Structures are given as C-alpha cells and as structure tokens.
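Engineer: Protein chains in written order, with the numbering used here: chain A, 1 to 377; chain B, 378 to 754; chain C, 755 to 1131; chain D, 1132 to 1266; chain E, 1267 to 1401; chain F, 1402 to 1536.
Source of the hints: derived by calculation from the structure; they are not laboratory data.
Fair warning: there could be bad hints in the mix.
Restricting the straight-line Cα-Cα distance to at most 27 angstroms, the calculated cross-link-like pairs of lysine-lysine (BS3-like) are [claimed, not checked]:
#1 C:Lys1005 - B:Lys628
#2 A:Lys315 - A:Lys195
#3 C:Lys791 - B:Lys414
#4 C:Lys791 - A:Lys251
#5 A:Lys251 - C:Lys1005
#6 A:Lys37 - B:Lys628
#7 B:Lys692 - B:Lys574
#8 B:Lys414 - B:Lys572
#9 A:Lys251 - B:Lys628
#10 B:Lys572 - B:Lys683
#11 A:Lys37 - A:Lys195
Quick look at which bits of chain A chain E covers, simulated, 3 or more residues with Cβ under 8 angstroms [unchecked claim]:
#12 193-207
#13 286-292
#14 356-369
If you're wondering where the values come from, they're calculated on a predicted model, not measured in any experiment.
Think of the CB as a built atom: it goes at the ideal place given N, C-alpha and C, for glycine as much as any other residue.
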Amino acid sequence: MDELFALASLTGFGHVTVEMVVMWFVIVGLFYLAVAKNFEPLLLVPIAFGALLANLPTEGVINEPIGEAAGGLYYYISQGIHLELFPPLIFLGVGALTDFGPVIANPRTFLLGAAAQFGVFATFLGAIVIGFSPEQAGAIGIIGGADGPTSIFLSNKLAPELLAPIAVAAYSYMALVPLLQPPIMRALTTENERKIKMRSLRQVSRLEKLAFALTVTVLVILLVPAASALIGMLMLGNFIRECGVAERLSKASQNELINVVTIFLGTSVGITMTGERFLQIETLSILALGVVAFGISTGTGVIMAKVMNLFLTEKINPLIGSAGVSAVPMAARVSQVEGQRADPSNFLLMHAMGPNVAGVIGTAVVAGYFIAVFGAG
Amino acid sequence: MDELFALASLTGFGHVTVEMVVMWFVIVGLFYLAVAKNFEPLLLVPIAFGALLANLPTEGVINEPIGEAAGGLYYYISQGIHLELFPPLIFLGVGALTDFGPVIANPRTFLLGAAAQFGVFATFLGAIVIGFSPEQAGAIGIIGGADGPTSIFLSNKLAPELLAPIAVAAYSYMALVPLLQPPIMRALTTENERKIKMRSLRQVSRLEKLAFALTVTVLVILLVPAASALIGMLMLGNFIRECGVAERLSKASQNELINVVTIFLGTSVGITMTGERFLQIETLSILALGVVAFGISTGTGVIMAKVMNLFLTEKINPLIGSAGVSAVPMAARVSQVEGQRADPSNFLLMHAMGPNVAGVIGTAVVAGYFIAVFGAG
Amino acid sequence: MDELFALASLTGFGHVTVEMVVMWFVIVGLFYLAVAKNFEPLLLVPIAFGALLANLPTEGVINEPIGEAAGGLYYYISQGIHLELFPPLIFLGVGALTDFGPVIANPRTFLLGAAAQFGVFATFLGAIVIGFSPEQAGAIGIIGGADGPTSIFLSNKLAPELLAPIAVAAYSYMALVPLLQPPIMRALTTENERKIKMRSLRQVSRLEKLAFALTVTVLVILLVPAASALIGMLMLGNFIRECGVAERLSKASQNELINVVTIFLGTSVGITMTGERFLQIETLSILALGVVAFGISTGTGVIMAKVMNLFLTEKINPLIGSAGVSAVPMAARVSQVEGQRADPSNFLLMHAMGPNVAGVIGTAVVAGYFIAVFGAG
Amino acid sequence: MTEYVVFSLSGFGLVMLVLSALWITCALLGLILGPRSKPAAPKVASPPPAPSPSPVAKGVPAAHVAAITAAVAAVTGGRARVVRVLAPAHGTTDWGQAGRHQLMANRRVRGGWAPIPAVSQKTSLISPTGGSRSS
Amino acid sequence: MTEYVVFSLSGFGLVMLVLSALWITCALLGLILGPRSKPAAPKVASPPPAPSPSPVAKGVPAAHVAAITAAVAAVTGGRARVVRVLAPAHGTTDWGQAGRHQLMANRRVRGGWAPIPAVSQKTSLISPTGGSRSS
Amino acid sequence: MTEYVVFSLSGFGLVMLVLSALWITCALLGLILGPRSKPAAPKVASPPPAPSPSPVAKGVPAAHVAAITAAVAAVTGGRARVVRVLAPAHGTTDWGQAGRHQLMANRRVRGGWAPIPAVSQKTSLISPTGGSRSS
Ligand code: NA
Ligand code: NA
Ligand code: NA
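Chain A with its partners taken away, still in its complex shape (with noise of 0.2 angstroms):
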C-alpha cells in the first residue's frame, strides 16, 4: 500500500492546476488554428506544443540548474530568445528569402510602408491608457507591424513577462491578414482608386540589389544603431542571396538555419505561455490593443497612399498601401486579390510587394526606437 502510495507520488497528477487545465484548451484552440486554419503553422505548431509542455507537470524540461545538475533542455534552448539570438538568425534567413526588387524599382512605396507604422504608435498610446507601462506597451503595439520576429525580439527586451502573448497575438493576426484588412481598404477607398493600374516594374540589376543591402545596412544604422541587429543580420542575409557568389551559403540560411531556429524559437516562446500568465486579463487587452494596431496600420498605409496621389502624377493604387503592414507576403496577395475583385485585369502582386518589404524595415526601425528610448532605462 505504502509503494502504490510513493508510485502515485511519482506521478505528476498531483501538480496539475486548473490553469493547467484551462490552457490545455486553449492550445487545442491554437492547434486547431495552426493546423486545420494552417495560421502560420511554421510558428504555431510549435509555439502550441511549447505550450503544452509549459502546462503539464514536466520534469527536466524548464527547471534551471542547480548546482551540478544539468537544467532542463529548455533551459538552454530558451537562451536563444533571452540573449536575443534567434530573432537575428530569422531575420539572416528571412533576408536570404527576400526579394528587394520591387521597393527598389519603384521606391516611392518605401512611404508605404513607413505609414503603415502609424497604428504601432497609436496602439502604444492606447496600450498607455488602459494601463501598460511604456515598455509593455511599445511592446504590445509593435504587434501592428506584422512582423513576429522583431515583435519577440523588442517584447524579450522590453516586456519579457508578455512574450507569449504577444507572439501569439503576432503570429495570428498575420494569418488573419486577409480577415482583417479586406474591409478596411475597401471602407477607405473609391471603385475608382482601386481600378487605377500601375505600370509594371523596370528590372532592377544585381549591382542595384547589391548597392541597396549596403545602404540599408549604412542608413538604417547610422540613424537608428538599435536596429542594428535585426537590419545588420536581414540585409546579411540578402546581400548574400543577391550576391550570387555564395549560394551554399545562401540556401544554407534559407533552409537549415531558418528552419532549426524556428523549432527552437517557436516551442521556446511557447514554453513561456504557462497558465499563471497567460490567462490573465492582460492577454485579453493584448489581444483587443494587436487587433486595433493591425487595422490602423492598414488603414494609413491606404490613406498615405491616396495623400500621394495628391501630389504625384503616376498615381498609386491606393490597395497596395495596406501591404505596408508587412505580414510577407500575405498582405500583398490581399492587395492583389481586392484589386482584382475590381478589374480583374489588374496586377497588384509585385506593387504590393514594395510596401510588403518596405514594412518590415520599418517595423525594425520602429523597434529600434522603442529600445533606444526606453531598453536603457
């Protein structure tokens, strides 16, 4: 009797709560989305399996070290996010999957996706209003740039005990791109504007490619340097691809790098999504405040657009405008698709694609403005 005793004692029924519990369906929920939706499952997948071991009664998978003995494999795995490691290595794969072209041949769109900034910022005052600390909330409004990495790498640097959250609601609401901004740009805009056509795109040289990752890196720095590491290791990675001379190196962050980082990346945010912080209240407003920010950062990128139709000849679709967002390359798909639902003639694709890419410089500079400000604090 005693043995069964000390065997159930063993077992882990006796640490699971009812957080536990309540997040076990929440993660079904997250599976359901990730899976059967296919919500970004690259990140999902694993932030939801993450999860599911942050809300089981684990053992030698998140303790720390205690003196000789060895911590649990996420222990190590997670430095990745606290040393701010893998949202870098992401941004070297994604630079190496990039494709500048379309801001370069028409760099006008470069206003795009600074516009389409604006919801960060009005989404942080609103984050202050209902009570965030400046940190929290830049964290949280960094949600409407679309941009996951960058979005983990400023929450970890910021607001660390909202990281899961926010990479959740991050993540998600890039899927729910096309549910979100078709009504809005359609809201903001004529039948008129959405069947302007653009002329297509010159070809733009590998010498241009090549010129424009060394200015990005040299621009973007010398006015922003706490954006250095997410523009330093982005425009790596595209130099290397447009460079054409180092394709081993090129595939190499385009698949195997990319890849293992994202199986660490994802499950180690997951495992931070225990039940004690992530159902909280907080998560709820987090969840509201990413929404908002998504739909104001739509909306300016198309009101940015139609303010530039004012003063320019060639005038701009003004559907491309919401791709600023970022959310590669769903947003300019949306684009694509809405202009087609007015001319089914036009092809927005590759004009979107400027904004698209724009984007996520932008929210990169965005989040070097929030560390400057408020990381040294």
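Got chain A; can you put chains B, C, D, E and F with the ligands on it based on the hints?
Structural biologist: Showing chains B, C, D, E and F with the ligands alone in chain A's frame:
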C-alpha cells in the same frame, strides 16, 4: 642535441600508455564492426573515432579551459551530453522519422512494447547482485530497451562513469538483433503460432495521428514526469511530421538537426572511452549483462503475446512480440523474416512495427522511472 | 527643438569616426574582390559584411553583456572563434569534402607538401626582423600555408589582435594563386621539366583510404599533439566520407555544418576588423609578408620536386610542387594549366592534388609546432 | 535485495500501466476519430502496398511512380505530367522494398484533415510506349 | 500623457524620415546603377512573367521550363538539354502561381553583374508531341 | 636572432619528418592493402576519366550519365532505368570538367570494401537520337 631533445619532448610519444595501445585494438574492432559489418555505423563510426582521439596524447581536444585559455573542442561539444541536450534533440528527429500508425491501428501491441521492458528490470537486479550500485544497475539494465539515445541520457544522469561501455553495448547489440533474437523467438513459439496470420492494419487518419501525439505527451508526462524531455521531444517531432503544414520543419528535424547532433553525440560518447575507464572488468560485466537484458526482453515480448492470445479471439502472431525491444526497425524486420520462414505468405512487418515503436515509448517510461527514483537521490 | 535634439542624439552619426569612413572604402574593395572578381566569396562576403557592421555605430551587435542585459549577437557568435570551435568544425567539413586518394596513390608527394611550408618559416623570420613578436610572426607566417581555417585558428591563439588582417590576407592570396604562382613556377623550371609526363595514378581502395585517415590521425597527433584538434576533425570528416556507411553524416558535414559555420566564422572575423585595428602600418606589413610567404612556399615546393628528381628514376613534373601550398584545389589547377601550356597533352591535375592535400596536413603540423612552442608561454 | 525486487516489480507494473493507458486511449481515439465502420471481412494480410497488376506500369511499383511524380510535381508546381518511367520488371527482396517504403513514407506530402490519399495511378501514369500519350 | 503623444509623433516622424531617406537613396541608386533610359511608354501592368504564347510550350509556363532546365543542368553540368516537358494546358489560380514564382525566385542561380537573364525559351523547349524533336 | 633561425629550421625539419613518416606509412599501406601487382607498363598519363568514344553516348560524358542515373536510382530505388539523355556534343574547357568531377566525387555512393566501382556505361545509356530507343 639539446634542440633535438626539446623537439622530442614536444611529441606525444612520452604520453602513450599501455591502456591506449590496447584501446587501439578495441577501436579497430569497433571500426570493423561499424564499416565492414554495418553495425549501426551512424553511431559506431563517430564513437570509435572519438575513442581514438581519447586514446591519443592529444592537446586542445579534451582539456578543460584554464583561466583565459579556451578548452578543447570536445570540452565544449560534450556539454551537449552533460547538459542532456543531445538525446532529446535526437528524439526530436526520431519522432519526425517515425510513423506511429501501426501502433495506433492496433493499440493492443502497446502491451508487447511494455512486456519487452521486463529484461531491463531483470538485468537491473542482476547488476545489483553482481555489485553495481542501483544507479549503475539502472543505466546498465536500460541497454535491454535497445534505445541508444535513452541509454545515453539515463547513463549520463545516473552513472556517467559508465557512459562509454553502456553506449557501445546499446548500439552494438541493436546491430546484433538479427543474430540474438531468432533463436529465442523460435525456442518460445510453436510452428503453428509462428504461422498465425494477422489481418491487415486499417488506415489511420491524420487527425488520429495528431491526437495520438498529443495524448501520449499528456499521458506519459502526467504518469512519469521524469520522462518529459524524451517523450516531449519525440512527440514534438512526430506532431511536426504528421501535421502536414510544417514540411520545412519536419525535414529539418529529420535531416540537418539529427545528422549534425548524431556526429557530435557519437564523438562525445567516444571521447569518454579512455583506456583507464573502458579497460575494466566492469566493461565486460556490462557487455555480458547487456546480452542478458536483450535476451530476456526478447523473450518476455514473445511470452506476452502468447499470454494475450489466451484471452483474444483475434490471435497475435507471437513473433511480433520480440519487436517490443525497439531497435527500430531491425527488430520488426526480424519478426518479418522469422514469419516468412514459417510461412512465406505471411507478412508481419507492419504488425511488428506496432510493438517496435511502442517499445521506444516503453523504454522512455522506464528511464523516467529510474530517474524519478534515483535521479534525485 | 529639444525633442529634435534628443532625436538626433539617438542617431549614430555622432559616433562615426574617420577610421570608419576609410574602412568603408576598404570594405567596398573587399566586396568588389569577392563578388566581381570571385575571390573566395564564401569567406570574403561574410568577412566584408562583418567588417561593415564593425565600422558602423551599431548597438546590440558587438557589445559585451552587462549584468543582466544580454550581449550583442556577435558577442556570442564570435565565441566560436575565441573558443576555437569554428576552425576545427570547418575542417570536419573540409575532410568530408576532400579525396586524399591522389596522395595515397603517390605518397612521395607528401614531401612536396612539406617543402611548401618553408615559406612559413622564412616569413616568420622576416616578421621577426621587421619587429613583430614571435607569436605574431608565427601567425603571419602561416599565411604562406594558404589555409584559411588554420590561419584563423593559429592567429586567434597566438595573436588575436592580428586576426582580421591575417584572415583577409590568407583568403585574398588564396584567390590570387592563379596570378601569384605561374611566374615563379616558370622562373624555376626548364621547358623540358615542365613537359615531364607522369604515369596515371593507381586506383586506391576504400580500405586504404580508411587506413590512411586513421594513420594520419595517429601519427600526426603522436608527433605534433598540438595539431590534434585540426587533424582530428579533418580526418574524422574524411573517415565519415570514405567509410561509405554514414552517407547522412557525410552530407551533413559537407553541407549544413560547414555552410552555417562558414557564415558565422566569416562574419565573426569581419567583426574584428575595426578601423583602429585594421588601419595600422602593421596591416600593410602583414599583407606584404603574406605575399612573400606565398611566393617562397611556391618556390620551395617546385625546388623540392627538382631535388627529388635527382634521386628518382620516375621523374616528377616540378610544376606540381607549387601545389603544396594547399589553396585546394586552385593551386592544383594552376599546375594543370601551366603543364598544358608546356604540352597540351599533359594532364597534371590529379598529380597536383597530391601535394595539394598534403599541404593541408603540412600547414596543420606547422601550426601545431607554433602552438607547442609559443602557445603555452 | 527484497527492496530492489519490489522496486523492479513496481517499475514493470508502471510501464504496463502507462502503456495500457495508451492502449485504452488509442482504442477510444480510434472509436471517435477512426473510420466509421469496422472493416467488414477480416481480410488476411497481404504484402502492404500490394502493387496491383496495372496494365501499363508493369515492373514499376505504384509507389515508385508516386515518388517520381511527386518529385516532378515539386519542380513543376503540379503542372507537368510524368508520362513514362521505364523499368525492367525484375523482382527485389521484400527487405529492400520495406526499407524504401519506410523512407518514402517519411517524404510524403500531406494535405487536409483526411487520411493520406493514395496516389491515384490514373492521373500519373507511366506508359512504356512512346506514342500512346498523344492519342 | 502629452509626453507619450510627443514621443509617438517623434517616433512616427523618425520612421517617415528613415524610409524617406531610403526612398531618396534608392532613387539615386536607380539613376546611377539602373537601366540607362527610362522605359519609353508607360506600359500598363500585365501579369508579371507574362507567359508569352509560344507555339510549342502551350500549357507549360516558361518559368517551369526554366526550373526543370536548371535542375537538369545542375545534374549534368550544363551539357544535357531538356527536350520535352509535357503538361496539360489547364489553368490554376494566380495565387498558386504567385507563391511558386516567389519560391522559384529564391532558387534562381545568377552570374555576372548583369540583371538576371531571362531563361531563353528557345534553348530549352518542351514540345507536347512525341516525335517532333528528331525532325 | 640565431635562436629563431634554429627554431625555424627545427620546425621545417619537423614538418619534413612528419610528412616523410606519412610517406613511408602510406607506401607500406599501399604494399599491404593496395592492388596486388604493380601496374605492368608505366602508362603515360591521359585525361583522368577519359570519356571513351562510346558509340551512343556521344557528347554526354559517362560521369554525367552516372550522375543522372544515380539521381534517378535514388528516387526509384534502383528499379527505373535512364534510357536517354540528350546533349549537344560541344566541348567545354577542362577547368569546368575538373571542378565538376571533383564535385561529383563528393557525392558518390559507395558499397563494400572494394574500390569504387566504375559505373557501367551499358546499363545506363543515353542515345542522342530520338527514335532509336523504341526500336
Ligand atoms: Na511591418
Ligand atoms: Na525499447
Ligand atoms: Na598548406
């Protein structure tokens, strides 16, 4: 002359010991088994090469860091064993490589995978009798589970001084499965039993496989929390594999990650194989106990199938019981071969994969049990 | 106005130095050599990009950790150089990519690979005369071995302050081999010597290749223990390659592992190329000494072949002597081209691969010698 | 010593318990998520993928056709069609086949919540005759 | 609260400033390094890669031909020639195409300082008829 | 200064010694493990892989055929056969060839203790003519 003497003193000849020279022959034997006999070469080649480095008067390979000076390469790499990182990472890849369909389609075979763990405990008792400490006895017994990463994981935790002989025994005997198992299987079964045909397995849907991965994670962690790291990573890899929406991550787990970690794991194990440690009477005891463990596990798997047949209307061919020792997929192939020897029209392979993959889970559970009891003490 | 001023103070313009601007031109030069001239782009592109980051007022890229705050990305990545992990890992990949068949088939060419190390010592003496410390002189001399990872390994150990110029010199001159070597080769040989035809190499069995890998490991580690890490990993990679039963590991070494490490190694080297360090008269000395080292090594390789011809009945074409400087496989190709220039029906490529791969071992031996003498002191 | 025997029996009991729990759960999962009706007649086992005697693909197992088709589809984005794969109709041992099937199982691409669809042999045939396709 | 509004406006101004700077720099880069003359007539946008109605490659987009050719070239070292890729001339949504184009853009191999050369359709044709090639 | 000269000469001597030791060991290895008899006539060197003038494979070096065959074999598990690889019979510089040979050497799959078997050209031919195969 002084110069010449100085030169000679720089060489390593002065540090060659008798143990080293003896080990060279052992190592040549390991290379022969790995390369010419194809004994688990993916592990035995790195292990043997690591052992070679361990038995040469190297500098800058194994030494610890002193003050500012860096340690040797394998001082750092073998942290992946000491900190218990490599075995769970290997399990991530194993999970991504394993199809649990056969055991889901015929879950009765879980019992065979469980029964085949009996050898572990029998050997544990044998090792205690011989005079090993309980921790050592547990690490030795687990060889009978025929699961390399689990053996390394457990032995690093309970008896790191026995890591090398245990790993060598585990991998060598896994390779010897086609020689060790058939006599036992034939001795314990009748001709008629060996001719039992089993009806073909039903198809298993993706949803079932995903539910299975989550269920195993939850149940095993709840029941045996100390098995969390192994089972968690195994099922993370399997979920990534089966979800079908994260092909990139699945491939990364199945290839890059597991291959690179295998090189590091193998050489790190080998590097512990110094002459002083390995050339002990204990090593012979371990090798002997390992064979016993394998034999008993094979036998109890077969016997369990026969016991189950007393109660089941739809009989199980007891030849698949031996596959419960894991050694995926070799043990299952042995079942297939023995089945065809009795009746050439009998195809047991997929049926034997059931206990085979169940045995992986079973051995991880046993490891968790040993850790729970001895790991803390 | 205050706000504007505050904003401006956040930018990095205030931290731009004259040295940085000068370095930008150096860096553009490196990019030009790498991308347009195809000078070892796999290394020079990452080095140059790392140098760009080193010469911009970055934040969060290079800085050390302070208290709880994480260090910059490259603080962590460049530990792979400081802890001497990257060069041996590169050698693991190099070993998996190298076929030592030519030197096994014609082992006399080992002497050519040895002779070509003379330039290392000559340059060592020259550097001493100029005023470098013995440690620095050794690290500079090794440039003549034309072996990038070995140069980085040695210079990190003996003269980390010279790491960047030595790495740049090593990789640039390796790329310059087709320009630097031919004049020397022609000056030291007669038309008749260049027309010598060599009989085709015998086939080398797998068993011989495996025995070779083990023999080199044992012999070199016994004779020069300080070369253990480099030679050990080189031969581990080669054994994995040649054993034919570990294809997975061989591919992982040849691709994922070496590619990812190359990105990190290159950028980590570049990150040390700050203006203050690189814009020194020393750098010019190193570049000059590097050319001298290359030249002498080329010459002594050729001369050794001529000396050997005095004793051999089966003559060696002295044009393959220059391939002893390694720079695999460029130096061997130069031998081939020069051979065909003398006699279009002469095919020296495979013969030249002998001294070429022997030179890799030779340079590692020299590095071990320097470490043994100066590393401890 | 007795304590170690008790410990061992407890441990073995635990393993039996845990894996029995998995058995029961799996059985329940199968009832809920598995195929609606149990397969009617208990068919006796036959070689797993059972290369059906298709008139055209003689000598080329369907699974291989599937693999080749998948490879081509991956490159062409699903547009091109494999029309011919020629192979001598010799046999190999089941060993090799089992190994390869297992390997290919790891490579298979999936979609939707449905079970893995068997690759339709009709959409990706490989005819041994040159001119038949255009007819 | 005012300070946060000022802070936000400053931040948004900074982003506009930085990305405007990039706009200007890119425009300058385009003037210096871009194509010499601006494209003459402002052509209205058409589907990006515009699979021109080539007589032979019907149903097989040029980009796919390019991909297959590149794959073959990678294996054969540029010596062998793809002579035929057969594909049904059905349509897919532009969604899929965009995704695949993007994927293939990541794989493209480049050479020289020139812009990426369009793969010549003439050197790598894919005729839907069996016998035509030898004629 | 003298000490550095001595040091350098010692070092160079060490390198010569170590690599001479490797020479001797290799020579011994070759005697023990190498081919039984020394090659009879000292044949003068010819281009390494010597694409023999096979009647059918004109323009397609055997090594390329081997590579393609290996690729197909990897996909099909050894069952399918490459019957045709078409290539223009133009020449390239030896530079490119050497590079590619080297690359392919890294990819080659091996088996058994025997030396790498030359790929039989008969089992994997590549005829430059379109219609000949079906005849
Ligand atoms: Na963005
Ligand atoms: Na087992
Ligand atoms: Na060298």
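Engineer: Next step is simple, just say for each hint if it's right about the structure.
Structural biologist: Against the structure, the hints come out as follows:
Between the alpha carbons of lysine 1005 (chain C) and lysine 628 (chain B) the distance comes to roughly 14 angstroms, so the proposed pair stays at or under 27 angstroms and holds. Between lysine 315 (chain A) and lysine 195 (chain A) the CA atoms are separated by roughly 11 angstroms; this keeps the pair inside 27 angstroms, and the hint holds. Restraint check for lysine 791 (chain C) and lysine 414 (chain B): the C-alpha separation of about 49 angstroms exceeds 27 angstroms, so the hint is violated. At most 27 angstroms may separate the alpha-carbon atoms for a hinted pair to count; lysine 791 (chain C) and lysine 251 (chain A) meet this at roughly 21 angstroms.
About 14 angstroms separates the Cα atoms of lysine 251 (chain A) and lysine 1005 (chain C), which keeps this hinted pair within 27 angstroms; it holds. Using a Cα cut-off of 27 angstroms, the hinted pair lysine 37 (chain A) and lysine 628 (chain B) holds, with the two alpha carbons roughly 22 angstroms apart. Annotation: proposed proximity of lysine 692 (chain B) to lysine 574 (chain B) holds, straight-line Cα distance about 8 angstroms (limit 27 angstroms). Distance restraint check for lysine 414 (chain B) and lysine 572 (chain B): the Cα-Cα separation of roughly 31 angstroms exceeds the 27 angstroms cut-off, and the hinted pair is therefore not satisfied.
Under the criterion of a C-alpha separation no larger than 27 angstroms, the hint pairing lysine 251 (chain A) with lysine 628 (chain B) is consistent with the structure, at around 14 angstroms. Under the criterion of a C-alpha separation no larger than 27 angstroms, the hint pairing lysine 572 (chain B) with lysine 683 (chain B) is consistent with the structure, at around 13 angstroms. A threshold of 27 angstroms between alpha carbons decides the hint, and for lysine 37 (chain A) with lysine 195 (chain A) the separation of about 31 angstroms lies outside it, so the pair is violated. Only residues whose C-beta sits within less than 8 angstroms of a C-beta in chain E count toward coverage, and the segment 193-207 of chain A has 10 of them, enough to reach three; the restraint holds.
Residues of the segment 286-292 of chain A with a Cβ under 8 angstroms from some Cβ of chain E number 0, which does not satisfy the need for three, so the listed coverage is violated. Under the rule that three or more residues need a Cβ within less than 8 angstroms of chain E, the assignment of the segment 356-369 of chain A holds, with 6 such residues.
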